[in-house]
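J.: Chain residues, written in single-letter form:
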Amino acid sequence: MSHVPAIGAAVDLGKTGEPYWQPLFAGFEFSKQWIADEKPDVIFLVYNDHATAFGLDNIPTFAIGCAEEFEIADEGWGARPVPVVKGAPDLAWHVRQSVIQDDFDLTTVNEMKVDHGLTVPLTLMYGQPEAWPCLVIPFAVNVIVYPPPSGRRCYLLGKAIRRAIESFDDDLSVQVWGTGGMSHQLQGPRAGLINQEFDRKFLDELVDNPDELANVPHIDYMRDAGSEGIELVMWLIMRGALDNKVKEVHRHYHVPASNTAVGHIILENLRQ
Amino acid sequence: MRDSRMLTRWTKSTDSLQLQEISVALDKPYKDIPGTTVFDSDMARLGYHLNQFCMTLMKAENRDRFLADERAYLDEWPMTGEQMQAVLDRDYNALLKLGANVYYFGKLFFTDKISFQKGASLMAGMSEEEYLAMMVSGGRSPEGNRYIGEKDDG
Numbered sequence: 001m002s003h004v005p006a007i008g009a010a011v012d013l014g015k016t017g018e019p020y021w022q023p024l025f026a027g028f029e030f031s032k033q034w035i036a037d038e039k040p041d042v043i044f045l046v047y048n049d050h051a052t053a054f055g056l057d058n059i060p061t062f063a064i065g066c067a068e069e070f071e072i073a074d075e076g077w078g079a080r081p082v083p084v085v086k087g088a089p090d091l092a093w094h095v096r097q098s099v100i101q102d103d104f105d106l107t108t109v110n111e112m113k114v115d116h117g118l119t120v121p122l123t124l125m126y127g128q129p130e131a132w133p134c135l136v137i138p139f140a141v142n143v144i145v146y147p148p149p150s151g152r153r154c155y156l157l158g159k160a161i162r163r164a165i166e167s168f169d170d171d172l173s174v175q176v177w178g179t180g181g182m183s184h185q186l187q188g189p190r191a192g193l194i195n196q197e198f199d200r201k202f203l204d205e206l207v208d209n210p211d212e213l214a215n216v217p218h219i220d221y222m223r224d225a226g227s228e229g230i231e232l233v234m235w236l237i238m239r240g241a242l243d244n245k246v247k248e249v250h251r252h253y254h255v256p257a258s259n260t261a262v263g264h265i266i267l268e269n270l271r272q
Numbered sequence: 001m002r003d004s005r006m007l008t009r010w011t012k013s014t015d016s017l018q019l020q021e022i023s024v025a026l027d028k029p030y031k032d033i034p035g036t037t038v039f040d041s042d043m044a045r046l047g048y049h050l051n052q053f054c055m056t057l058m059k060a061e062n063r064d065r066f067l068a069d070e071r072a073y074l075d076e077w078p079m080t081g082e083q084m085q086a087v088l089d090r091d092y093n094a095l096l097k098l099g100a101n102v103y104y105f106g107k108l109f110f111t112d113k114i115s116f117q118k119g120a121s122l123m124a125g126m127s128e129e130e131y132l133a134m135m136v137s138g139g140r141s142p143e144g145n146r147y148i149g150e151k152d153d154g
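First to last, the sequence lines map onto chains L and W. Last residue of the first sequence: 272 in the working numbering, with the numbers rising by one and none dropped. Last residue of the second sequence: 154 in the working numbering, with the numbers rising by one and none dropped.
Bear in mind the hints are in silico, worked out from the structure with no lab data behind them. Glycine is no exception: its CB is placed at the ideal position from the N, C-alpha and C atoms. Misleading hints may appear alongside valid ones.
[Stated by the list, open to error] Examples of chain W residues lying across from chain L (beta carbon under 10 Å, computed):
| # | residue |
| --- | --- |
| 1 | A25 |
| 2 | Y30 |
| 3 | A72 |
| 4 | Y73 |
| 5 | Y103 |
| 6 | M126 |
| 7 | S127 |
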């Protein structure tokens, strides 16, 4: 799902009922009920930092947050009024070890503040609770300093994360979220680019044909879905963590939220 | 060797197959996207100090100190005169060309108390109202906007 900062501001300032925002939030009503029923213990939250925790001094391609908790960052207009994010260090350290042994060289992070990339998806799914009802493993992907990891790399990483989570001893309910996107461009004379055809096709292929979707090169995202549309590679980590065949539980697509097309899809493995 | 990398390839010489190192240019197929600067290694290196300056604006006391005397604050950073002038002028399209990335100079938007949408409209050369109207009606179409020179009026 998308993570537009203005969505967070709309919730924080009580504007979700306004005509501009109402259709966007309406698409998450189903999802809020769904997650209330599912009650995941841990969210493995794949997102990107926006030059908040990571400047140009350190640019990890994949960074896993292993700390007990993650403070909410002040990105320049004051920290969002949302609860602190509680980590799941036992599982995070386990995933780290397993995934690195599986050939994905993660950066391990224990001191990190989280920005809207992580908190806006939580807000969309949980609203405004006193405390988040789940633990969160922040998994940051560099999509800002080109090149990000390839779609194929992300997809295979998702599979390694799945193996790691399944080999953890405790019986936990874990969800993997892919966030960012959909089509958008925030920079230069082409700012405001939206490609609804691309986005809808991406969602279709994500459900039924992820292996081929993973082959799409960066240039296709940037040219067709905007320079920041490249964030969509993060969704392939989520998709890699699922079975080849999945059930589409819910889909929502809306244009615009500020500069961006918003997409949201819930997929489940087929239950036995 | 700039912009190139070595790859090992099988090559056929006389009658036997041999491994040979060959030089291949780094693939940069994104140079012909109109109105877009991809923040690649070249740009990140060019804009290193410019972007790291922007990072400091996440702190309120730094924003205040910057706004009180912008030139003095910028003088603390080893950036070029051109980069400094683009910051002073809030010329965001110039900043992009000089190695700044939008998530970094977005902190200038917050410093100036303008929205990201307003910042985007300025780069697009539109009024905020025009830009908002474009977004509400589905955004800028990719048609005619994929390749430089694709559009006659470009």
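J.: Does the structure break any of the earlier hints, and which numbers would those be?
T.: 1, 3, 4, 7
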